[in-house]
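Based on the hints, put chain B in the right spot on chain A.
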Amino acid sequence: AAGVIQSPRHLIKEKRETATLKCYPISRHDTVYWYQQGPGQDPQFLISFYEKMQSDKGSIPDRFSAQQFSDYHSELNMSSLELGDSALYFCASAPGQPNTGELFFGEGSRLTVL
Amino acid sequence: QKEVEQDPGPLSVPEGAIVSLNCTYSNSAFQYFMWYRQYSRKGPELLMYTYSSGNKEDGRFTAQVDKSSKYISLFIRDSQPSDSATYLCAMKQGSNYKLTFGKGTLLTVNP
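Here the protein sequences come in this chain order: A and B.
The numbering used here puts the first residue of the first sequence at 1, with every later residue one more than the last.
The numbering used here puts the first residue of the second sequence at 1, with every later residue one more than the last.
These aren't lab readings, by the way, just hints derived from the structure by calculation.
Backbone N, C-alpha and C fix where the C-beta goes; we use that ideal spot for every residue, glycine too.
Certain hints may be false.
What the hints assert, rightly or not - Simulated restraints on C-beta separations:
{"id": "1", "chain 1": "B", "residue 1": "Tyr51", "chain 2": "A", "residue 2": "Gln44", "range": "20 to 30 angstroms"}
{"id": "2", "chain 1": "A", "residue 1": "Gln41", "chain 2": "B", "residue 2": "Pro14", "range": "22 to 32 angstroms"}
{"id": "3", "chain 1": "A", "residue 1": "Gln41", "chain 2": "B", "residue 2": "Asn27", "range": "16 to 26 angstroms"}
{"id": "4", "chain 1": "B", "residue 1": "Asn55", "chain 2": "A", "residue 2": "Ser86", "range": "34 to 44 angstroms"}
Unchecked claim - Pulled a few chain A residues facing chain B out of the computed Cβ check, cut under 8 angstroms:
{"id": "5", "residue": "Pro43"}
{"id": "6", "residue": "Phe45"}
{"id": "7", "residue": "Asp56"}
One chain only, chain A, in its complex shape (with noise of 0.2 angstroms):
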């Protein structure tokens, strides 16, 4: 089974543009996640969405904004970009809320910006 698809894997931004990236569940996971996992860092929870609703949000700087679509794929927007946003973006999905933790990552989007 097709697992949950990321893209672009890598992107390459300037400073103050903007960048978009895109998430594609498993199918039949209504739940999606972001995180942020800087060089060396642990995975940092961005925002989540249930049922196309947001479902919780974590460290999401308000020049990020995310949204989940009625095919349940989710696409988070970053404008404004800083240095500091490099880092890996990992899309998860699940099935069901509230679930237990057990996520399914995507292979990460590498966002560079220079």
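Same frame as chain A, now just chain B:
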């Protein structure tokens, strides 16, 4: 103080060794405890999941939770070079979605 503390290592062991990885936590509301394995440049992959205090075994892996001490462990028996990865502990409160991760321990198993 971070909610979840994990020694980042690195930890280097010979093939066949028993590996012990540990995390401590401060939030007594955590109810679900997980261990994820992350290979370089890949997403975390769930290894073990436990809910209550006690031990849970799956093949060469044993997860241990001691809620009274706020301490969790992952033991790897007969370690293999393919076990070389970063191991992240993660925890979750009952009704929340958010997982809180430890910093991860980089393990290298030398053949």
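Quiz item: Hints broken by the structure, by number, lowest first?
Solution: none
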